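Enquirer: Sequences and hints are given; from them, build the entire structure.
Chain by chain, the residues run as shown.
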Amino acid sequence: MNVVMHQVGAPGFLHRFEGLRERLPGGRLPWLAALRAQAAEAFRAQGFPTRRVEAWKYTDLAPVAEAGFDEPLTPMDDAMDLPPAQAGARAVFVDGRFRADLSSLDGLPFEVSSVARHLDALEGRLGALARPGEEPMAALNTMLFEDGLLLDLPEGVEGGVLELLSLATASERPSAFHPRHLIRLAKGAKLTLIETATGPEGARYLHNPVFEVEVAEGAWLTHGRLQQEAPRAFQLSTIYASVAAGGTYDNFTLNAGGRLVRNEIHVTLTGSGAACHMNGAQLLAGDQHADTTTALDHAAPSCASRQTYKTVLMGRSRGVFQGKILVRQAAQKTDGYQMNQALLLSPEAEMDSKPQLEIYADDVKCSHGATVGELDAEQVFYLRSRGIPETQARAMLVQAFLHEAVEGVTDEALRRALDAAVEGWWARQEETLAA
Amino acid sequence: MLKIEGLTATVDGKPILKGIDLEIPSGEVHAVMGPNGSGKSTLAYVLAGREGYEVTGGSVTWDGHDLLSMEPEERAAAGLFLAFQYPVELPGVGNATFLRTALNAIRRARGEPELDAMQFLKLARQRMRELSMPEDMLKRSVNVGFSGGEKKRNEILQLALLRPKFAVLDETDSGLDIDALRIVADGVNAMRGPDFTALVITHYQRLLDYIVPDRVHVLMNGRIVRSGGPELAKELESEGYAAIQARAA
Chain A
1 MNVVMHQVGA PGFLHRFEGL RERLPGGRLP WLAALRAQAA EAFRAQGFPT RRVEAWKYTD
61 LAPVAEAGFD EPLTPMDDAM DLPPAQAGAR AVFVDGRFRA DLSSLDGLPF EVSSVARHLD
121 ALEGRLGALA RPGEEPMAAL NTMLFEDGLL LDLPEGVEGG VLELLSLATA SERPSAFHPR
181 HLIRLAKGAK LTLIETATGP EGARYLHNPV FEVEVAEGAW LTHGRLQQEA PRAFQLSTIY
241 ASVAAGGTYD NFTLNAGGRL VRNEIHVTLT GSGAACHMNG AQLLAGDQHA DTTTALDHAA
301 PSCASRQTYK TVLMGRSRGV FQGKILVRQA AQKTDGYQMN QALLLSPEAE MDSKPQLEIY
361 ADDVKCSHGA TVGELDAEQV FYLRSRGIPE TQARAMLVQA FLHEAVEGVT DEALRRALDA
421 AVEGWWARQE ETLAA
Chain B
1 MLKIEGLTAT VDGKPILKGI DLEIPSGEVH AVMGPNGSGK STLAYVLAGR EGYEVTGGSV
61 TWDGHDLLSM EPEERAAAGL FLAFQYPVEL PGVGNATFLR TALNAIRRAR GEPELDAMQF
121 LKLARQRMRE LSMPEDMLKR SVNVGFSGGE KKRNEILQLA LLRPKFAVLD ETDSGLDIDA
181 LRIVADGVNA MRGPDFTALV ITHYQRLLDY IVPDRVHVLM NGRIVRSGGP ELAKELESEG
241 YAAIQARAA
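Chains as they are written, first to last, in our numbering: chain A, 1 to 435; chain B, 1 to 249.
Any given hint might turn out to be false.
[Stated by the list, open to error] Listed next, the stretches of chain B that the computed footprint assigns to chain A, with coverage defined by at least 3 CB atoms under 8 Å from CB atoms of chain A:
#1 67 to 76
#2 99 to 106
[As the list claims (entries may be wrong)] If you want the ones that stay clear, here's a sample from chain A, every Cβ over 12 Å from chain B, calculated:
#3 ARG99
#4 LYS324
#5 THR410
It should be emphasised that the hints constitute simulated quantities derived from the structure, not laboratory data.
It should be emphasised that the depicted structure is a prediction, and the values quoted were computed from it without experimental measurement.
Don't be surprised by glycine CBs; every beta carbon is placed ideally from N, CA and C.
Expert: Rendered as structure tokens:
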């Protein structure tokens with residue numbers, strides 16, 4: 001009788017890497033082989049971080065570390081059920097692999113391609129921003145990535161709206177995939193990228209994407225992320241963005257799906273007048289856990305950063321926000337703002353919040369704030385005194401809180417997608433509450 | 001008719017209302033005047049059913065309903081309206097949505113058909129013109145960024161839309177300039193008639209020049225110490241609360 005031994009957790013991934021290393025995409029490219037080997041060493045040394053590691057104090061990866069994951073066995077089915085498109089152009093990834101046959105990319109004023117197909121041209125670019133030595137999830141990604149979105153916007157190009165759809169398939173055993181997306185906007189280019197990540201109801205998987213984003217002088221990237229993974233899925237994503245003078249990186253992340261989710265963003269403002277907006281909403285219920293961790297590096301003068309995150313927690317869910325702002329000595333005239341608000345709708349829900357400012361320049365304006373609370377009793381009473389029943393009054397106030405989270409989004413396509421996602425989420429919660 | 005008998009209430013365990021007896025026949029407007037800390041606002045909140053205001057004795061009946069056993073929204077459905085001294089800000093809740101939701105909740109309770117968005121807008125715009133309110137106040141979040149006067153006018157707009165049978169106006173005059181005061185008073189006076197009863201709570205006599213009450217009651221230290229006609233308000237204005245207190249003692 002054959003007994004298949006499944007190794008779990010970090011050793012399982014390292015074992016897979018040892019077995020696969022020659023056959024992974026770009027396995028014969030020496031620079032890439034070296035990059036993967038270094039990442040494997042880093043991952044071997046660190047493993048999945050425990051809560052003793054400061055950066056992971058509030059998020060316990062044990063459910064990921066104790067699970068065994070297989071390679072995704074993607075059915076080669078042309079008639080896949082795709083969610084409705086958010087925009088005209090769409091790049092589709094299934095289980096982390098680019099699917100040209102499912103994508104619709106005609107008529108775009110720039111080229112969209114797959115990282116796997118162009119690895120021989122990516123030396124020095126792939127891995128330029130990611131730090132596998134410091135972030136273990138980036139190490140795991142570097143070790144095992146197979147594919148990703150490769151996007152280059154030439155100088156001055158108005159790219160319009162592109163959707164990145166990441167779809168997982170269901171298989172008998174949990175699967176893991178680690179896409180590496182490379183996005184580069186040349187001088188003055190502009191793009192709205194709307195990313196949707198989802199999977200079928202019962203699917204169990206780990207989606208571990210890493211983004212390396214370069215925004216050149218005067219370019220503007222709106223990066224909207226709608227995280228609506230399957231209810232039992234894990235998503236641990238890490239974004240590295242570097243923004244040059246006068247450029248803007250504008251990220252909005254909606255965390256609404258998944259069982260255990262981390263949205264980790266590292267942004268470096270490298271040139272004068274660069275800007276970064278990191279906003280988001282986390283909508284949590286049941287036993288969901290969602291973590292938003294941001295690290296903003298003000299490395300140049302006269303840059304502005306804005307962060308507003310809102311979390312609604314129901315059931316036994318847990319939310320985390322960690323936000324670090326580093327203002328280097330050179331970064332005079334920095335204007336930084338960070339706000340984190342959470343609404344607890346259940347006595348069993350919990351929110352952890354850790355803002356952190358590290359300022360080495362003397363002429364800066366930096367503020368941060370955090371609130372965690374229940375619905376305001378005075379507001380509920382005001383509505384009830386006007387004849388509005390209590391449940392409806394509470395629903396109005398929750399929707400108002402969520403509305404405020406998305407009202408800052410100026411991009412129309414993204415705003416529509418977010419409004420629909422937020423409304424859908426709330427309607428499902430109301431059904432659950434009514435049942 | 002509103003009938004309050006032997007009403008006592010505490011806030012944070014501290015007795016504030018110490019036995020209030022008050023009757024307001026239907027169609028009449030009564031004023032309750034009193035110095036700071038006399039229990040005026042507590043009386044208003046107890047009538048509207050706010051949490052944290054604990055009734056320890058007595059009764060309140062309105063049109064035969066036992067008001068104190070009802071939830072705040074049930075009291076509103078039964079025709080009660082409280083104009084807040086400090087109207088509450090609701091960031092993210094559009095004023096139009098708020099007003100229409102409230103109006104339709106009341107209409108449902110009365111067995112009247114609900115208004116759709118168009119019907120509501122037409123009605124709201126008409127009422128706003130009567131109160132000299134700019135139309136953009138419908139688009140803003142409820143009371144957010146409103147001046148003191150705008151907040152009070154928004155309360156009176158709700159009064160005009162919901163058309164309650166019994167209104168409690170809690171220091172609606174505070175923070176209003178004379179023009180705003182006149183607009184607010186006109187709004188209330190327009191409601192007067194056999195089906196409208198009101199309790200006007202105020203510190204100063206000024207408001208009562210514009211909303212002339214049928215009766216005036218003086219509230220001090222949790223009790224009504226004197227009642228009289230509108231002339232009692234003038235007497236208070238010239239002599240002050242201290243004189244009344246000395247005489248009542």
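Enquirer: Are the hints correct? Go through all of them and say.
Expert: Results for each hint:
1. 67 to 76: Per the Cβ count (5), the hint holds.
2. 99 to 106: holds (count 4)
3. ARG99: Non-interface label on ARG99(A) holds, nearest chain B Cβ at 40 Å vs cutoff 12 Å.
4. LYS324: 27 Å, holds
5. THR410: 17 Å, holds
In this structure, none of the earlier numbered hints is contradicted; all agree with it.
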